[in-house]
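Model the placement of chain B on the given structure of chain A, informed by the hints.
Sequence lines, in order, name chains A and B.
No gaps in the numbering here: position 64 of the first sequence is 64 in this note's numbering, and each next residue is one more.
No gaps in the numbering here: position 143 of the second sequence is 143 in this note's numbering, and each next residue is one more.
Hints are not guaranteed to be accurate.
Said to hold, decoys possible - Computed list of lysine to aspartate or glutamate pairs in DMTMM-like fashion (alpha-carbon distance at most 20 angstroms, straight line):
| # | chain 1 | residue 1 | chain 2 | residue 2 |
| --- | --- | --- | --- | --- |
| 1 | B | Lys161 | A | Asp106 |
| 2 | B | Lys161 | A | Glu109 |
| 3 | A | Lys27 | A | Asp108 |
As the list claims (entries may be wrong) - So the derived list for chain A, only partly shown, Cβ under 8 angstroms to chain B, looks like this:
| # | residue |
| --- | --- |
| 4 | Ala47 |
| 5 | Ala61 |
| 6 | Thr79 |
| 7 | Ala89 |
| 8 | Phe90 |
| 9 | Leu92 |
Just so you know, these hints were derived from the structure itself, not from any lab.
We put the CB at the ideal spot given by N, CA and C, even for glycine.
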Amino acid sequence: METVLAIVIGGLYAISFYLMLRRSMVKLILGLVLFSQAVNLLIFTAAGLTRAQPPILAEGAAALPAPYADPLPQALILTAIVISFGVLAFTLTLTRRAHAGLQDDDLDELGRSDRL
Amino acid sequence: MKIALVLPILIPLLTAIACILAGASRAAQRGLSVLGAGALLAAGLWLACGVHAGGIQAVQVGNWPAPFGITLVADLFSAIMVVVAGFVGLCVAIFALANIDPARERFSFHPLYHVLLMGVCGAFLTGDLFNLFVWFEVMLMASFVLIALGGERPQIEGAVKYLTLNFISSGLFLTVLGILYGKFGTLNMADLAVKLSGQQSGVALSSAMLLLVAFGIKAGLFPLFFWLPASYHTPPVAVSAIFAGLLTKVGVYALVRVFTLIFTADPATTHGLIVIVSVLTMVTGVLGAAAQYEMRRLLGFHIISQIGYITLGLGLFTPAAVAASIFFLVHNILAKTNLFLISGAVGHVRGTGQLKQIGGLYHDYPWLALLFMIPAMSLAGIPPLSGFFAKFALVKSALAIESYIPVVAALAVGLLTLYSMTKIWAEAFWKADPAGAAAGERKAVPALMLLPICAMALLTVLIGLFPETLLGLASQAAGQLMNPSGYIEAVLGKTP
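Chain A on its own, in the form it takes in the complex:
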């Protein structure tokens, strides 16, 4: 399972960077979305996958028996999802404003204010 997910994660990183390197604003946003998903999946996989062993104590037990899913990476991912959701929502409104100003989808046009 880890091997499959590793390939998926690698693919997602590659696709997201390819999209971000394109000139289109829409592709930039899609790239950012895929990138944040790829990172979340990486944290999930790197911490190790444990099937059907929820980290819940049985009644009366003092400690969990050995193979159980680590809840911490899931908490990390949850935090990361919330943060990236907020940032992506802001990105959408920002690029919408940028598009309204430029009347164009081309990111290279954003460079105009930089030229000497």
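Coordinates of chain B only, in the frame set by chain A:
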């Protein structure tokens, strides 16, 4: 004492909430903002005194023992950074009263400003890598809105670049966190330092390189700095100034922290690379500045150039060099923020920062010219100002380990810095006003702008006159950084 560690995070949060509640009343928001920033400075000083007297302090949030809970740690380096953040935060908060227009104030400038300060202080105080990521995001989210607030077209265009690059940087940071947790099962910095100590592993090296890229984007290192000069000149000056003074420095702080505490197993590779990157950063930044003819863009390139000096000390990795880095960091935050504030005052009286279109400021505002000379000459490293001693300490520590190429680069870049500062002087202050005498009545510089500029200039001069005070503190902080066992003991409660 424990409360002193939490206050620098709590005060900006409460100020931001109070500002939101004050909502409709502009006067109340302005008063609260300055009050909150002042309280933050006081809390920082209290914390620094406590750390100076009682050694490294740590708090386990929610009483979860480290490494399971979130730890807040203040060593002398963190405490110095919090104090400087409080001082710069107060100065810029006062400057903002004269610089930020009522429309921006109505759309929550003050609450956002304090959320930004909260993120900065949180990043300085945390002892947990994931928590550091969260503070970065708090800081970035506020900065995204601040850079776009007002919605002028250059601002929006700058904000798109700023946001994209910082999003990628945060994603890479998070990638490292996933890898480190998967391999070592902890994200507590002290615990990671223990688990990684002395062993060279491929995972550690690749994590170190990914972190160098992630923090390098935030700090503006070569070749990852291109977003900075493309966005920092677009928002109002008060926002540019706090970004220039604090935000890139948080990236530098994170670099110093992880490369003195966690990734120290193979300094020939990691720190050697940092030296090369630093030299290239210094040179490219100053050359970029030489081509610019707009004050804030020129200063933006200088931020990059100066970042190179700070990371150079980290790369040389001797106690003297790291101490020089810390000294340089404090000097640079003060001088750089002040230069941005002065560019704001110039923009206020002349209506533009384009060097070709302005002139005659020395004739019209001689004291403003004098105030400009202090941080400008300090930045270039002219004695007896703070920049001279910062560069002197850095060059001396490089000579001590016979690292000559960085010395040559540092001195040459100092000369080129002097060239750009002279360019601003000659164009904006010295030459006759191209608009001629017909321009009519002179606008006065508001007292709210002058006050913070004077305060920062005074501190720059004081550091220059009594450098041994700050140098002593910096050496002590560097001693703590270079010998992390004290830090680890304070966090984990046992000697490694």
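Do the hints match the structure? See the list:
1. B:Lys161 <-> A:Asp106: holds (13 angstroms)
2. B:Lys161 <-> A:Glu109: Judged against 20 angstroms, a Cα distance of about 12 angstroms means the pair holds.
3. A:Lys27 <-> A:Asp108: holds (13 angstroms)
4. Ala47: holds (5 angstroms)
5. Ala61: Result: violated, 20 angstroms to nearest chain B Cβ.
6. Thr79: Check passed: Cβ of A:Thr79 comes within 7 angstroms of chain B, closer than 8 angstroms.
7. Ala89: violated (11 angstroms)
8. Phe90: This interface hint holds because 6 angstroms falls under the 8 angstroms limit.
9. Leu92: violated (11 angstroms)
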